[in-house]
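> Here is what each chain is made of, one letter per residue.
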Amino acid sequence: MTEPTRPHQPIDTSVAHSARVWNYWLGGKDHYPADQAAGDAYSSKYPSIVPFAKESRDFLRRTTAYLAKAGVRQFIDLGAGLPTSNNTHEVAQRVSPDCRVVYIDHDPIVLLHVHALLTSTPEGATNYVQADMRDTDAVLAGAAKTLDMTKPIALVINDVLGHIENWSEARGLVSRLVEQLPSGSYLSLSHSTAADEEHQAVQDEYNSSGAIPYMFREPSVAIELFEGTELVEPGFTSWPRWRPDANTGLLTDRAGWGGVARIS
Amino acid sequence: MARERSGRTVAHLVLATRLKTLREAAGMSRGEAANALGAHTATVRRIEQAETSLDEGQVHALLTAYGAGTAEIEAFLGELAAANLPGWWHPWRSVMDPWQLDLMSVESAARIIRVWEPALVPALLRTPSYARAVDSIRRPDLSPADKDRRTELLMERQKRLRQQNTSIWAIMSAAALHTFVGNEDVMVEQRQALRTALARPDVTLQIHPLGGRCHPMTGMPTVSLYRVDVPEIPDHVVREGDLHGSADVSSSLHAVSAYHLLMDHTCVIAPHPNESKDVLT
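Protein chains in written order, with my numbering: chain A, 1 to 264; chain B, 1001 to 1281.
Okay, chain B solo, but in the shape it has when bound (with noise of 0.2 Å):
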């Protein structure tokens, strides 16, 4: 039986992924696994790549077959057990893009996002007011009280990113702070909470001026990067610019390290963090 879906979490993900290096220790290939199982190769891939959820039933069938002893299997469903538990997101799913159901899990075990944003305040340093008036002009397509609830999720993530301890590192165009969103007073609140955002030790902005040197992430939609200290997760990266509400994820090395020596490059590039405080005075 599949759970109701609120994406994976991160130890479920960790949990994927060691299934895969344990069946790869055991010298087996999908298909054998899937034989074990008595399941189809896609069945396989799917568990390992945390696109089902796990069955516990289907886990200790694999475990028996890599060969892995009494006490490990116990230790395996134990923690299965709490990966199996719903995200804490989990009341905001019917207002969530899929990509995030999927991202939450990442995000919440996150020790370091990294955002470039073009135009607009990233949405990590957005107030209510402002966060809640971007949206109700990018999404005529949602009721407003599912724009609220995306500002209360919004809120949510800021409050658990901040508790989690997790590094912001943000590069915003000085455009956000040129482009009227909401109200004078809405536009003076997000000023300020930028400037109160500077003094905390978890973020750093770097603000690209206006008519600044061309960088390589110029022209291009807000991209993310999510660093997550456990060695069986992948950085991940987001794009997002199409259609609102859809964005590209991607954890494959090869997309995650180009974009990872792009905004490098953009930071370095970008006036120092320590020189934001001008901008927003």
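This is chain A alone, in the form it adopts within the complex (with noise of 0.2 Å):
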């Protein structure tokens, strides 16, 4: 008899899990009932969440792209969710197909989806890396797998720093990324913030349900993320006003902010 190849990673589908919920939100496949509710408690106290999550996921196709476009050929997807449209390698290999991309999630679930269905032109390469972010060792080890760590990355932190329930932490865990990173990187960051009390209000509830709690910020607070690095126009903004194209709406000023940042 064998021992089973590696330890058995537990996992809670019971409880809401945030990259399902947005899916959900996002209206994708990949949720379960658990997810769905929460999903549902929310958008019917607060229905601005769907276009919120949209947004957030436009921000990150438009902020790609203006990375691929900028020159950047090799990405770090950080806490990159569940497979959906405009997954961040298939936004970059539009504009480049030798685009490199590492996904990074601590998901097991997340990363197999990632690893089945995510797959890149023949010239670029994906791959992904189950680690938590906090990590910042492991993220960097498993990113260098792929990716020539001597060459501009382009750092993707698309809404999930919210997780990290202490500020320094989460400030720590992005300059240690920074710093490691060669000169002429980025830095593509966005978080949410509350959109008003009755947002805050129904976002608590959520976090006190058994979730992974999501922490709001205020935009001067999170904008401390950039530290050390230089804003691109137009700076750090509510996600609609990034460098909107025809396909972008603008729904609010206030549920998310974000920018693009380069590292020297």
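No lab work stands behind these hints, which were simulated from the structure alone. Since this is a predicted model, take the numbers as computed values, not measurements. Misleading hints may appear alongside valid ones.
[Stated by the list, open to error] Label pairs and their calculated CB-CB ranges:
hint: 1; chain 1: A; residue 1: S264; chain 2: B; residue 2: P1128; range: 53 to 61 Å
hint: 2; chain 1: B; residue 1: R1160; chain 2: A; residue 2: P244; range: 48 to 56 Å
hint: 3; chain 1: B; residue 1: H1178; chain 2: A; residue 2: D132; range: 49 to 57 Å
hint: 4; chain 1: A; residue 1: E197; chain 2: B; residue 2: P1098; range: 51 to 59 Å
hint: 5; chain 1: B; residue 1: D1229; chain 2: A; residue 2: S96; range: 23 to 31 Å
hint: 6; chain 1: B; residue 1: A1258; chain 2: A; residue 2: G228; range: 46 to 54 Å
hint: 7; chain 1: B; residue 1: R1160; chain 2: A; residue 2: A144; range: 36 to 44 Å
hint: 8; chain 1: A; residue 1: A144; chain 2: B; residue 2: G1241; range: 21 to 29 Å
hint: 9; chain 1: B; residue 1: G1069; chain 2: A; residue 2: N207; range: 44 to 52 Å
hint: 10; chain 1: B; residue 1: E1184; chain 2: A; residue 2: S96; range: 46 to 54 Å
hint: 11; chain 1: B; residue 1: L1210; chain 2: A; residue 2: G210; range: 34 to 42 Å
[What the hints assert, rightly or not] Simulated coverage check for chain B against chain A, where a stretch passes if three residues somewhere in it have a Cβ under 8 Å from a Cβ of chain A:
hint: 12; region: 1074–1081
hint: 13; region: 1121–1131
hint: 14; region: 1199–1205
[What the hints assert, rightly or not] Sample of chain A residues with no beta-carbon within 10 Å of chain B, all distances over it, derived:
hint: 15; residue: H31
hint: 16; residue: T136
hint: 17; residue: E198
Quick reminder that beta carbons are idealized off the backbone N, C-alpha and C, glycines included.
Bring the two chains, given one by one in their own frames, into a single complex with the hints.
Below, the structure written as structure tokens:
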């Protein structure tokens, strides 16, 4: 009798998981009953969450396309979430097929979906690393298997730092990663913020439901994450105001902010 | 006039669902729609669930009742003409199982097919001789000619899935590698085919070892999950395992979601796809 080849990693699908709740809001089909229940409970009290989720996703699409057009060919997507439409490598490889993208997530279900579904162009590469984003050494070591760590890299952190409750810890992990990226790299980052008191109240309720909580942060606080980098135009701004294109609708100025910055 | 049955096409399914959405948007019940059509409520239900072919006259009457404009009606009828063409599998319909007839539409538009296969190599990864050898044992009810036709259909399905770039994510028990199908040559060729499949970007294969950990699908017969990237079409789950040639097909959210969950847990427990190569060499 052979022992199982690796330890079984426990996964809990009985409570909502943000990647799957977002998948539900975005009209995807990769979610379980607990996620749907949590998503419905949220959106019934705060319907704007659905357009907010779309705005966040659209921000990721526009920033990724911008970076690829600016010549970046390597990406680390931290907290990738479940595959949906316009995944980071698809957007980047549409601009340039030789783009290489490493997805990082801690959820083994997410990573198996990424492995099975996100196939790269033959010229480029996609890979994925199972790591907790707090473990920046594991993140960088994992990325180094696919990327040339001496050439510019775009570090994509789209709306996941709210899962880190301790602000100095969140700041610390970004600065540790940024410090180790070569000159000419970029940080592409967004963070949700409370649109109004009602939004905050519904989020508080979600956070106390047993799901992994997400902390909103004010733009004036979140901008600290860009310390030591140079924000490109138009700076750190609400999602729809960051280089909008024909597909961007302006729904809100408040629900989430993001920016792209150069690392020198 | 009902067309010759070759199963619904995905285009048909989408249009049927759109008719339901338009009725609901118009604030009409099925009964009211049936009155407008001069038909029974059950007729409207069958139309909306794609259980019957879509008749141009009926569709026109329904769209008019729902307040659709001339341009909208013309566009819809244009799509209907295409949807009513028989599917590519039409020539094989006599050797297809009834559930397969219904599912081929979904398969022909699938972006991903996930499979759990407990004892044999999953059908979509079988070689012709392996597939024929399985049928020759498992389907004593069929004539040799019919078995040949079924193998031919399976190969055509595999070819088309590849052309349409459908991802196949299969998890099978290593029992399949120990179950002797056909003869030694058949087994050698099948193992080689699995090794070749591993290199394909559209194939993900996880092989659960003998002596491996119990997982949520342990003891379950073959289960497939079909995903189409069209909002109107839900995922479908197919459960085989009763009499050969029969299967339960469901697209109810409850069933799909429950199997999706079990499949995900099983995939996490099974060895990673990257380990399959070691098992096959």
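> With reference to the structure, classify each hint as holding or not holding.
Now for the hints, and whether the structure bears them out:
no.	hint	result
1	S264(A) <-> P1128(B): 53 to 61 Å	holds (60 Å)
2	R1160(B) <-> P244(A): 48 to 56 Å	violated (40 Å)
3	H1178(B) <-> D132(A): 49 to 57 Å	violated (38 Å)
4	E197(A) <-> P1098(B): 51 to 59 Å	holds (57 Å)
5	D1229(B) <-> S96(A): 23 to 31 Å	holds (24 Å)
6	A1258(B) <-> G228(A): 46 to 54 Å	holds (49 Å)
7	R1160(B) <-> A144(A): 36 to 44 Å	holds (40 Å)
8	A144(A) <-> G1241(B): 21 to 29 Å	violated (46 Å)
9	G1069(B) <-> N207(A): 44 to 52 Å	holds (47 Å)
10	E1184(B) <-> S96(A): 46 to 54 Å	holds (49 Å)
11	L1210(B) <-> G210(A): 34 to 42 Å	holds (37 Å)
12	1074–1081	violated (count 0)
13	1121–1131	violated (count 0)
14	1199–1205	holds (count 3)
15	H31	violated (8 Å)
16	T136	holds (24 Å)
17	E198	holds (29 Å)
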